[in-house]
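> For reference, the chains in residue letters:
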Amino acid sequence: MRTAISGLDLRRATSVDDALRMLADEARTPIAGATDFYVALNFGTLAPRRFVDIWGIDDLRGIDVRHDVLVMGALTTYTDIIRSPLVAERLPMLIDAARQIGGPQIQNRGTIAGNVANGSPAADAVPVFAAADAVVVLRSIRQERRVPITQFYTAYRTSVMRADELIVAVEVPRVDGKQWFRKVGTRAAQAISKIVAAGVRGASPKFALGSVAPTVVRAYATERALASGTPIEQAALTLTREIAPIDDVRSTADYRGQVAQRLLRRFWSETN
Amino acid sequence: MAAVGNSVPRKDGIGKATGHAVYADDIVMPGMLHGRTIRSTIPHGRIRSVNVVGDVPGLIVVDHHDIPGRNVVDLIEQDQPFLVERDVRHLAEPILLLAHEDREVVDAVRVEIEYEELEPLFDPERSEGILKSIDIVKGDVEAALADADFIVEGTYRTGHQEHVYIEPNVVVAMPEEDGIAVFGSVQCPFYVLKALKSLLGASAHIRVVQTETGGGFGGKEEYPSMIAGHATLLALKSGRPVKILYDRGEDMIATTKRHPSIVRHRTGVMRDGRIVAMDVDVLLDGGAYSTLSPVVLSRGCIHAAGAYRCDNTRIRGRAVATNTPPNGAFRGFGAPQTEFAVEVHIERIAEELAMDPVSLRELNALRPGDTTATGQVMGTDCSAHMVLEEAVRRTEFRAKREQYRGTNRSIGLALFFHGAGFTGSGERHLNSKARIDLTERGVRIAVGSTEIGQGTRTMHAQIVADALAIPYEDVEVAQPDTTLVADSGPTVASRTCMVVGKILEQCAMEMKDRLGGMSPADYHAKHGGFSVLRKYEPPDWIEWDDHTYRRDAYATYAWGCDVVEIEMDPDTLEVRPVKVTAVQEFGRPIHPALARGQIEGGTAQGLGYALLEHVVMRNGGMANAQLTNYIIPTTLDTPEFDIVMLENPYAGGPFGAKGLGELPIDGPAPAVVNAIRHFGVDLREIPAIPERLVACASR
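Chains as they are written, first to last, in our numbering: chain R, 1 to 272; chain E, 1 to 699.
You can trust all of the hints, since none of them are fake.
Only part of the chain E face toward chain R is listed, based on derived beta-carbon distances under 8 Å:
no., residue
1, Leu612
2, Ile631
3, Pro690
4, Ala695
In case anyone wonders, no lab produced these hints; they're calculated from the structure.
A quick note: this is a predicted structure, and the numbers were derived from the prediction, not measured.
Note that the Cβ used here is the ideal one computed from N, Cα and C, for glycine as well.
Whenever a hint applies, use it, and build me the whole structure from the sequences.
This is the structure we're talking about:
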């Protein structure tokens, strides 16, 4: 642990209101499963010093369908997702994603709100949410608001979320069409995505990618091309204009660009 | 029941399984300080000033002025300092040492260093700093090339590899009897002793103890001498015990890696497939200091012509200096690099001749009576054909290769060998000793050979038990402590079974004579204890010339043939090994389960080297120094193994055993890349990451 632990201030919230009051009082970073928190702690890159632990708030757990919308509490873990018949029925591509995130230990602790809030462009659940038109439910002591995941991020690891807000749920409306998910991590397990994609093949196709830009990319132009019957080869070229991959320690811009096109073609042929 | 040949319980098994085993980080002493190493943040330059910011009560600060003896880590050359005096030659080079009772306090100390920066050199092909060069000449290569029907040329590259032992480096130093005791996760306690003698002066009391060690793979051969020196300096200055524990990031950035290589081949071949000339050029990137590069180059060059007979061979090798952290020992020690090159090159020769790659190997592989590149005559312990034939037969290699043509599946093969023990006259110079003591309960083995997970204690106890004809349970193994055990040489070079095991066998036979038929316990009760100490006697036929690199490079060789079946994802070009058949001959397994573990582990590590393990270097340092981004195989990436242990006993080893530890890592990388070739992808570099395959495919 390169971060000095004695310098950290952690408070434990017992209810959503308790957590919201703490967030209203002073800037604190909510933590739940702490799977990303510990990585930063270990590397000495942890910037925040004050935290609120929301892991114990059971009101933020649970998977339900209300008014034909799949509602997942903020603290829904990947294990919860993998075991949920409702997710299996309505959003099976999220189960595919959940199974490939970390190992069982991470799946038991990592939460969907954490995956969204951490803001990593390589987050595996986020392209699924983007392709499914998911909505992030944000609550503060003053108000509750709903932000589509596609409008949630404003830049690399930056979002519209305010300091006093907490993600309380993720809502996913009914998804029409065949769902598809693919993670490219090169190792069979415990990998961080070099590129990750999710798609829905319905009346209007949807396609989203991670690790190809500073934030998740919903490929609207590509989707329009596909919807209008544009040949897949041409749609793949459109896709290259919607992404901005980079070289980093995990992969190269060239590889990500080429594989993004190939994944689009695979999505299209496999969901036909 | 005989112990040798049976998979008896490990001597270290219960302690490790129950958590009772004491690792160095488990050691906590009253008043102990936590040490921290301040390292260079530039790859090349001169230090102008060093300033510890603020006044931190209780902080111990050590720089090179605090060194009582010589500021060099005494190994082969005397070029690497414990602490930089002025010249920085690589990133993360140790400059200053700090220690404090509170780890958070010492971690928070700021040290400002001003540098005069110099242009760094990272490209080994542009380096003029020759750390070692080697020339092996047999016959007349140029004449034979001129007469050959074909000449096939090629350049092959391999990258760094990180050891990723599960336990990072850790050392505890404690003042003791006007001197120092060092406890650490080390492979070679007597190497640490030698380095500390140079640091402190020969008259100092120094004791080095190996604590339970979580893996080494060569990574704890030389670097622990550096850390032990640092902890010792802090302990002597403070008069208190000091622990230095590297976290994974520091361990990956600062310590040694496998040498990257560039190997060029120019081979003369006749129409019928006979290889008549091999011209090989080996370049190793040594990093900033010599460390073990001269001997890594030596082993690399000796294995560079592969397991093949060729009357005209020239192998020229250079290890050169660059401004990166020094590269060092890693399982295989130069051979995985050069055997990768030669085995991919042989595959390309088969392609050029439109010849079956197995037939080409069958035609040229060494047989008893043939000579190697150094002119060593192969004896009946040469098993190249035996392993090749068995691997091809049991995998139905030829049929599968045809069957997979045009699919996303492929199969590849590599034939390889590995010399056991130190090179040439190395074992004679080492003059290793081993000792066994008669005790009240039985016999105690007292050697400096370390258990680092590979099974040293168990295997040595088996040999001693059977040679004495006593139960395995009656043999105990002393913890390596340089004041208490015999210097049996370093735990490296696949020598711990074949060489040290042999001395122990002789010790046991001598003890058995003296016992005169009595059990150890009865003898001890009647006459008291005694010890038997013996030295290693290398086979008397070994001839070796260190200058010309001629004749008997190793007492014997172990042989292997790996067949790897792979699948390639058509979209991502990710290659997944599906099945590996590893046919290996290493004399005779002393402990079949441990031997199988060595082969499985070495093969998995070789698959990582081949496919996943990519050290990304930026500004002379490892940019992906985290296990999240330096990708090693998980169990899900490890395919089905068919491990075949063939026997061809070597008379000079205990119970016929040769060395095994390194052999398994020589084969997987070329076998994988040869399988990738069958897809029509001309890749000549590892790791075969999909980014490279995409680039290759679009060329």
